[in-house]
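Relying on the hints, combine the two individually framed chains into one complex.
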Amino acid sequence: MQYTEETVKTLSSCFLQTLAPTLEPRKQAENFLKGAADQPGYGITILRLLSDPSVDEEVRQAAAVNFKNHVKYRWVTPDPDFPPPLNPIQDPEKDQIKGLIVTLMLSTPPKIQSQLSEALSIMSQHDFPSKWQTLLPELVVSLQSATDYTIINGILQTSNSIFKRFRYQYKSNELFTDLKYCLDGFAAPLLEIFLKTGQVIAANSENLSVLKPALECQRLSCRIFYSLNFQELPEVFENHMAEWMGEFHKYLVYTNPLIQETNREKSSIIDELKAAICENINLYMEKNEEEFQGYLGQFATDVWSLLMSVSLSTSQDWLATTAIKFLTTVSKSVHHKLFSEPSTLQQISESIVIPNVMIRDEDEELFEMNYLEYIRRDVEGSDMDTRRRIACELVKGLSTHYHEQVTALFSVYLQNLIQEYAANPAQKWKEKDCALYLIVALAPRQASVGATGTDLVNIEQFFDTHIVLELQVQDVNSNALLKADALKFFTTFRSQIRKQLTLKLMPQLIGFLVAESNVVHSYAALCIEKLLALKDGKQLRYTASDLTPFLQPLLTNLFTALKLPESQENPYIMRCIMRVLSIADVGPFASQCLAELTGILVEVCKNPSNPSFNHYLFEAVAALVKKACQRDPEQVVVFENMLLPVFQNVLEQDVTEFAPYVFQIMAQLIESRRPPLPQNYIAFFPPLLTPILWQRQANVPGLVRLLQAYLQKAPQEINQGNQLPQVLGVFEKLIASKNTDYQGFFILNTVIENVSFEVLSPYMSQIWTILFSRLQYRSTGKFIKSLIIFASLFVVKHGPSKVIDTINSVQPNLFLSILDNVWSPNLSTITGEMEIKLCAVAASMLFTPLLEGSATPYCGKLLNSVITLLVKPEDERIDEEQDVPDLDEMVGYTAVYAQLHNSTKTEDDPLKDVKDPKEFLAKILGGVSLQQPGKLPSIVQGLESSNQTALAQLCSTFRISIV
Amino acid sequence: MEGASGAHHRDPFKSSVGRVAGQRRRQQAVTVGKERRESVVRAKRLRRADPSDHGDDGSMQLAVMGDEAAYKALEESTVNAVHNLKNLLKGSPAKRIGALQTLRHLLSCTAMPPVHVAIEAGVVTLLVDCLAFGSSEEQLFEAAWCLTNIASGDLQQTCAVEPALPLLILHLGEKSAVHVVEQCAWAIGNVAGDGEVLRDVLLKQGALHSLSRHLLSPVPSLSRTAAWALSNLIKGPSPKAAMELMKIEGMVDTLVSHVSKGEEDLVVEVAWVLVYVTSMSDFHVTLLLNAGLLPPLLGCLASSEQLSLLTPVLRTLGNIVAGDNSKTDVVLSVGQSLPGGIIGVLARCLESKHRTLQKEAAWAVSNIAAGSILQKHTVFNGGVVPPLLHLLATAVFDVRKESAYCLGNLCVAPKESREQGGIILEHLIALVDGGCLPGFIALVRSPDVEAARLGLQFLELVMRGLPNGRGPKIVEKEDGISALEELQFHENDELQTMSNTLIDRYFGEEYGLEEEYGPGMDVLRGSDDSSDYPPWRQGGGLTA
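One line per chain: the protein sequences are A and B, in this order. Residue numbering for the first sequence follows the numbering used here, starting at 1 and increasing by one per position. Residue numbering for the second sequence follows the numbering used here, starting at 1001 and increasing by one per position.
Bound conformation, chain B alone (with noise of 0.2 Å):
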């Protein structure tokens, strides 16, 4: 994955138990679990009734009364409507876009529309037909408005739209109408959002050049629309469309200008595409903050209050901050200008009460605070950590586990720092105080296995780290010793091999009683080294 793949991935919250949970700062590529809400809403959008189209025949109520035999009723009218379509095509063109109207009616008047039917009844050849050159801006603007609604069911329905998306294609040329051109990078958008299989077939056509055109519409809504397909198309989880959209000429300053103008529905969409580039390329990182992406996208998520938007916005600026040490400290510098700074705004974004706000404000701190020593703390400083606290004690699971690596990374020293033992004491010794350790006990609970990992890699931390061997009695008060137990017979060898070695050291039986083989014997000289390294001409056997 071109330039992305070192770069993202942040080396942190290291522990000297165990591996590193190194693969983290990337998000994953392949994921199973729905995009959060908003955006899957917005993956797939159903062009339903216009307005202005009010005043047509009775027969679209049907929808309304919602029960078994009108959904029936409407299945009926809609095979019908494919037939006299089909009877109609050879006939007059007024008729031919009557009866495309009538289908498209019945396509868009209900949140479930009867796509299955129509499809059943053959009705893509019949519209890929009336797609064909030279056809009129009102039957190809139905037509295309007929597809948008059959791709937006689900994947196999999507997959019948396939033999039109040439002439969906062809139609976002300069020449076309810009309603038709708007229609048709609708129904790519949707074809788009159904998986990469598609997205190839698309991308092979050349529906990313064609729609990255009309980015620069004078026409908001066809900008916006071009925006939205066009996210959907880089999606992935290969790198190869974003970047082949990224290396069109003009495109970043086109995208950064887009966020500068600082229209919300518009900057939206751009966000999600920014999302996805920035999630694929370090390399294109740079050159958008050279085209001076920083200042608007920071200024969005100050000033707005509007999830959908801050939420992109948010994951964009996570992205950025999971790159090299460099790029955090050009967000922390633009930041500067906002109240509060950057982290001052992030913690307002974990404060509130949105789930998917607080998750990606998480994420993007978290890839703060695992840089260098003065990153953290400047994160420490900078407000985040009562939020963060009290996430960790209340908020759902996925942001529980968040924001313990916020608060992982905040007290394990960048590896080129002088700290002792890679702790930054002062950290650890106010959160420990501030109350987390119960938090980073539940995850150690937790079926999760990489929350549990990251909270026993938290307990080593307090248990090695807090000094006069303050930590291990907190941990057993805390009831720490029954949740590392839990762990001693897991499937997963790590965390077996991990929870035991902590249970030995900090609280194993004080087996021989000479004092060199008392618990924490090695406890500041960094733990491993000194199991590795037997001293010289010890008796027989190695150090225990």
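Looking at chain A on its own, in the form it has when it is part of the complex (with noise of 0.2 Å):
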């Protein structure tokens, strides 16, 4: 693509209408550009386009996005294997836009230039260094020459983004390499600008339109010096300590009313300095204590005084928690002296903590606006940066060494703002919320059990006098903060509460499930929720026959809570009806809860938006069906009844969302009827079948499921369909695919179950090709596991003989070659108790019929592994070193599939008249002995010497003699 007058103008008006509000010229635009953008020299036309001073500033800020958007997708480096999907720029053109790009960032007004400074720091993540070499240098230069700070802060601020990636990366060589390299060029200019603005700050105390931009620039700088020291400290900056600490204390003290910021809600640009040098020095203080030694009583100093001014303001929010931040690692390193005298630890906790833990206007305010997120922070741990849980992070930290003292001064704490409270409660409610919030925080962080206790106070005694009194108050509307308190301590601490008391307070839980407070019926809620989850060792605490009493109110609440303002799709209340319904006996009430839950699924289906809630409606969906209709199958028609025309509606409307769950409760409801199936079912079998349903990954579990299901029940309506073909169909493209290929074995293994061999035939030495070729060009160590128990499925399902033969007819003598070749040197990897019975039954099946023909060789190898399968540990047969699961696949599947814990399917033995294989193993070699007698001995000598002895001693257990 050439930059001429004629392109100008066509990108110009492309750019122009892709801002245009109506979608058809805007989409038209788009498509114009997206195939431009294929040919090369784009990126390099729009960058001209985008820096020409003579086109219009609407059209120039598009094409700087589209810039960025273009670099993003298409700036990468060719990697054989992976073909990128968009094509990438060439080289000579990557050159080309290296070349300009520095100095156009720096010339091109602000909006423009932010997208230009992304779109460099991409490129410099493929490039830089080793790529881009002139980048740190012509970056250097500008800095040394610019005496503008628009410029000045452009450059440090494309510089931050590339060097952050020495913030996270392990080290390494390569890592190390870059590091020096940047440290090498760049340490030396950063410390100049810096030193020089420095100056500058100090000579224009009362120039504002100087002084923003140079404390901007400095913070700049604060952030660099935090990437390039992050690994560890580097010898120019040790070299040059002195000089760095000497300006960080410079600012953190310095004052100057006239930067303020007037906006309440925004933080000034010098507390955000302040706070970049706290992270600064408190990096210096985790990783070099001892270089650092020299500078840490001025900080401390500085960093006190500066907590002491800091206001409550949220603007300060960010420059108080970084600051205390810095008092913690202090307070835990070597160094924990500073703070061990008395009088230091109680001015610490009375003028720090105390008043950084009060709950402030904005909590409140978050309290009533947006219970969501007060949940979030308050119990879900999303707090790591709230004052309130940085504050208690400090007390941790001086705990640390100095325990006792500050269990002390707190148990004191907390027994002076209850008092404050008690004497005056409408007034001091704060004091209560405040000594609530520091006991639970300060307690361990919990697991799924609760807290174990504190040392604080004593929690029985506590919860008895302070918190069972908030909760039995009539109005369940009064204080309701307080009440959202009181919750949450039970919720933590409810392993510690006795289950006379907790039942005792049941019928007030249940009441403030339809409290007015958003934040007060969630936390009931999770309270009840939580409460049922409990065990004490492996049983429940908390017995279906325990909720009888409760059940009518507790559902009617949990169901009327979703119809309070803004919980409609609470996910707290629904995951409690959820769990409730697994628990509880609901007999009476299922068809009830079923119209409740249907009459939601109606509503969520029209717009799916929260996830969370999407998922516990389901679930209790599931534990429903569960628990009525395999308790009941006469129910499944009722069931059917309401949720069919739901499901139906969810796949015709293609609410994709939902389909992985559909299918999986469609599953659950075949798998609790009696065969046959109604006709309604097998009709809607084959639409199951297409393509276009199995194409989403997500799908693809609850589908199999659910195709099992009807495998399992209706395997003579399938094949008088025809389907069986089909079914076969989607085996073979499921096996074809390492991350699907287990799926693929389940169906087949379903079908080996339940289909009469008579019908199957046809299809086995197909089956048996697919199979192998995926072993020939693409095997994997689970693929192999799973071949060998689908063939062990089949010999016990329909005989060793109609295995042997169907693998021979794919190619005569096959069957010899895999038994040799794959299946006894995999037997023994085999794991799950199951699987090896059924592994190690079938393979025992094989020794007759090879022992009459004349693969008398190929006995020995089985029967060692056999032996080796069935007397050794797991951990002493598998090479741990197989199948690593790869780290990056683990990240991966999580967001694709979510399994219904309600609904899952049991597993069923498909040997439960075999009771021990050794014993089967065992009766088989005595027969043997008997009929071919003299065949044995050899093969029992070529066995490992261990083996050997095992076999000896299962001979013994089970009184056959080999011969």
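There could be a bad hint or two in this list.
[Said to hold, decoys possible] Below, simulated DSS-like cross-link-like pairs (lysine-lysine); rule was C-alpha separation at most 30 Å, straight line:
hint: 1; chain 1: A; residue 1: K538; chain 2: A; residue 2: K912
hint: 2; chain 1: B; residue 1: K1473; chain 2: A; residue 2: K499
hint: 3; chain 1: B; residue 1: K1473; chain 2: A; residue 2: K535
hint: 4; chain 1: A; residue 1: K872; chain 2: B; residue 2: K1477
hint: 5; chain 1: A; residue 1: K396; chain 2: B; residue 2: K1415
hint: 6; chain 1: B; residue 1: K1415; chain 2: A; residue 2: K861
hint: 7; chain 1: B; residue 1: K1473; chain 2: A; residue 2: K131
hint: 8; chain 1: B; residue 1: K1477; chain 2: A; residue 2: K538
hint: 9; chain 1: A; residue 1: K396; chain 2: B; residue 2: K1473
Calculated directly from the structure, the hints in this document are not laboratory data.
This is the structure in structure tokens:
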């Protein structure tokens, strides 16, 4: 693509149209640009366009965004194994762009500059430094010659994003080579600009227009300092530590009323600089205590007095938390003695901790206006950077070395806070809130069983006096915040509260489910849900019969809560419903619950927006199906009548999010039926085999499960409908990929188990061919295991000779080759009790036909593997290194498919009549000895010696003799 | 890196969660940090005025006064001295030497000699002229001294010396006077101390062979200087120079015999040569061991109190035990003659108050502890555990991290052993009971990604390994969950995945109520395998 007047015109009008309000021209323009982007030279053309001052500003901005995206998707290093979806930018054009971008970025207006800076940072991730040697020198030269802070800050911002990778990558020679390169080139100019700007700031304390960008420059320099110092303390920074630290000190104590922010929600530039400095000195404190030691005293004083003057306004949250973090690091370090004086501990607690834990107007606002966010911070751990949490971390830090002193101090504070509240509940409720917050936050973070206790108060006693009282108040809407605190306290320490007392409080908890405050009714649901999940050892603490007396009001209030404003899709409530339904004896309420849930389902289908709510909703339905239908199959019809129309709607309307759930619950319904399946199910079957459904990854596991259910309950109908080839088509598709091959085996195994051999035999040769070609070309350990299990199941269900014959029908004598090269060598890698039994029994069944034929030589290896499989513990049989799961794979799969735990299939043992596979093997060998004496002893002699011993033991245990 | 990469990449602290911290066994070839103080001092050496020189003119005292004006005056005198030398270059030898001496005084009378002005005034070409063949010993000596101090400056100043290098190397020849050779070696050592580019220049010009000849000099100060200069020359990161040095006939024996003689000042320098050789060539480690390096080396370790000696000796030892287990066995068996065995000696180093020694000793211990099961037992019972626990709880960051590697390696069974789940339970229990957990949890919270990973790996061991489900409980009690939570959104993907996996596995919500979904179902099954291989015919899903 050439940069001509013509192209400028075309592209300009296109960019303008991408901003058009109407869809059609916008789409058209976007498509045109997409096409144009495939042409070589597009990137450089756009770059020229956006830097052309004669072009309209709006067009240039749109072009800048487009350029950034162009770089994002097409600046890739070619990898022959993974061809990129879009044409990558070619190297000569890349070089051209690299040559231009720095200058352009520094000369364009801010909005364009920021896009170019991002593009540059993306480019640098691929090419810097080894393939872009000119970048750093170019940045440095510009930095050294620039006097305008817009340009300086542009350079620093870009450098900052380039260097960020040093903050999270592991040490390696490659990383350190790059880091060293950056340090050699950038550390000195960075210090230079930092010192120079320091003088500018000192000289311009009255001149806001100079001061602001200069302070921003310092902030950016500090962020770069952080990146360059992150891996370890570089020599050049150690040599200049005094200069850096001297400057840091200056800014930590810098005050200038002129630069205070007027907007109370926005942090001022000087506060941001101070926060960045706190992060830097915190890093030094964490990793370079010794070199930093000389500066510590000064900084501790600086940060301390900083915290004394920081306000409680949200605009200073970031500064306050980073400053407190620094003190926390000091308190835990070798230099903790700085805080050892009782008066120091006291002062920190009273002047820093308590004020920052006290609830603020902003928190109250959040409590009322955005309950989900409040809950997320208050109980779900996303408060990592709130003042409350960080202040409590400081207490924990101080406790590392001064546990007793700190505990004693805080016990007293708690008493005082509670007493203040008691004396004047109306005015001093914040004090009680503070006390409850402290107790919960200072207890070790809890696992699912709940916190085990705290040194600060006696939990039982405290609960009896201060929590029960709160919970027993008649009006569930009074003092909502304290109610929420009390419920949180209850939830946190639930395992410590006696069962009797908990049950006594159950009506209160149920009452809070319909409190007006969203936080309060959510916490009530959370509390009940967690209580019901509580276990003592392996037993649930609260059983169905404990729940029965409360069941009606509980269910009523739960469903009522879902009608309260803003709680229509409250995930805490739905989760609680799920929990109750999976524990309680819902018998009489089942149809009422079903009606409620179906109604909600119909609603959310219209616009699925809250994944976790929806997930629990389907879990609740699954729990209900399980409870009701599996106990009383007659109920299935009732459920089907309610649910199937909705499900049909989901599939017809293509509500993709819900399809995987629907398949699972349908499978569950079919599984709880006795054959034959009614006609409406049969009619449903063919559409399930349409390829489009299987193309969506998330559908596959649910569909496989559903297909299995059909195969179990209606194998004849499927055969009569001539659908078996299609089912096997699904199998063939799944088996082809490493990620889904085991799903293919699920189907194949179900087919083998439920379809008669007569029906199956025409297909067997083809099935084996598919399996063996996969084995030949793309085998994995996992695949081989699945293959052995399938073959074993085949042996057990239809007899060994059928297996041998069908395999040999692919190619004469193929069976023995498979046996010797695949089956025997890998048999001992099988895991899982049921699988081991199946495979051992099947292998044992092979001996008779093998010995009858002339395949005796193959028996030794097989027998050896069977014995290993049966007698050796798993970790001795299996090589740890085999099939190590790929971490990337682990990261990948989680989001794909949400399994419903309440709808899990129970596994069925295909060999119920075989109790002990060892005995089975022994009996077989005994039989062979009788029928074909003389054949076994020579085989036994060839076994590994440990297996000979094991076999001898088996023989004596089961009283057979091998002759 | 010939022979080195494989051997030094010991497989330490394997844990089933995440990948192995495998690259660690070999110390980073590329460094950005200062080498620890002791070695920094030795990388470059300024030659200050000789004691024998007193009685010089009064101008020398100027610099001692230290104020700015005095320094200005010093700079001025230096420029004058350079000009003076230029004028006298064609003059009488005696006057020339006098001018050189004045210049040399000026360049060595303060810790920060005015090298920059001398260079600007064109001193290097003049000094090159003074190094011409046939010049008097005295003149050569003075010129080399000047160059030594010029090369002790920053990189740019050192580079300025480059034109003089061929002559400096030539004067290392056998016919030169000892004090000239030594001074030239000194200058070369300073140049070699300044990075790989200059080292390559020196190597191409043959400095290595010329220097190595003087290792055997009967003059102690010369053999010392030669060893020091060589150690700078073979630093790497490329192992080429070290290889070349070791190819010189008799080198192995020379090095071993120097260590055997036990002359501390010389051993210090030789030990630094050994540090680089042992870090780069596994093959030469074998040769050195066969030549009997260990008994005198370990002897130094046990008997010396000198930090400057112990540092390189410990690091050499650490490199040796980073090789295969058989070398470690040799170290352990030779060490038996020492009081408390070699492990006892290392324990004492760990108890030292010097951070460098603590760190070097911990590094050596962690390598031994990454070995065979027997070696792990020996380490565990050899007295290092108490100091390691102490260091983990109280030391500065890098020592804590190094100690954590030791303790972690002690608990992980080598692949070939038959320990349940790859854990040496006896060690793990003892360490946890010894109170190591808070130290590891502190590492989880560290901003250092390796340290955080190490902490996570240890928590995984504890939670999986301790019997009766004690692991998760004790981790929870030490507030480990909140430490894990802090990593859940970490920018490093691996840390994020590891912490999420651990939380899900050991502290996850008990979602379904059936026993089979409870946490810890696969606690004893070596965890990863079970999620990888779904049982046959299982209902639709993956094992959660």
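Cross-check of the supplied hints:
1. Taken as a hint, the A:K538 and A:K912 pair is honoured in the structure, with Cα atoms around 27 Å apart against an allowance of 30 Å.
2. Proposed proximity of B:K1473 and A:K499 is supported: the alpha carbons are some 22 Å apart, at most 30 Å.
3. With a C-alpha separation of about 14 Å, the suggested pairing of B:K1473 with A:K535 holds against the 30 Å cut-off.
4. Taking the CA atoms of A:K872 and B:K1477, the gap is about 37 Å. The hint is violated against a cut of 30 Å.
5. Restraint check for A:K396 and B:K1415: not satisfied, since their Cα atoms lie roughly 39 Å apart, outside the 30 Å limit.
6. In summary, the hint linking B:K1415 to A:K861 is supported, as the alpha carbons are separated by about 26 Å, within the 30 Å threshold.
7. Simply put, B:K1473 and A:K131 have alpha-carbon atoms about 51 Å apart, too far for the 30 Å limit, and the pair is violated.
8. At most 30 Å may separate the alpha-carbon atoms for a hinted pair to count; B:K1477 and A:K538 meet this at roughly 21 Å.
9. At roughly 19 Å between alpha-carbon atoms, A:K396 and B:K1473 fall within 30 Å of each other, so this suggested pair holds.
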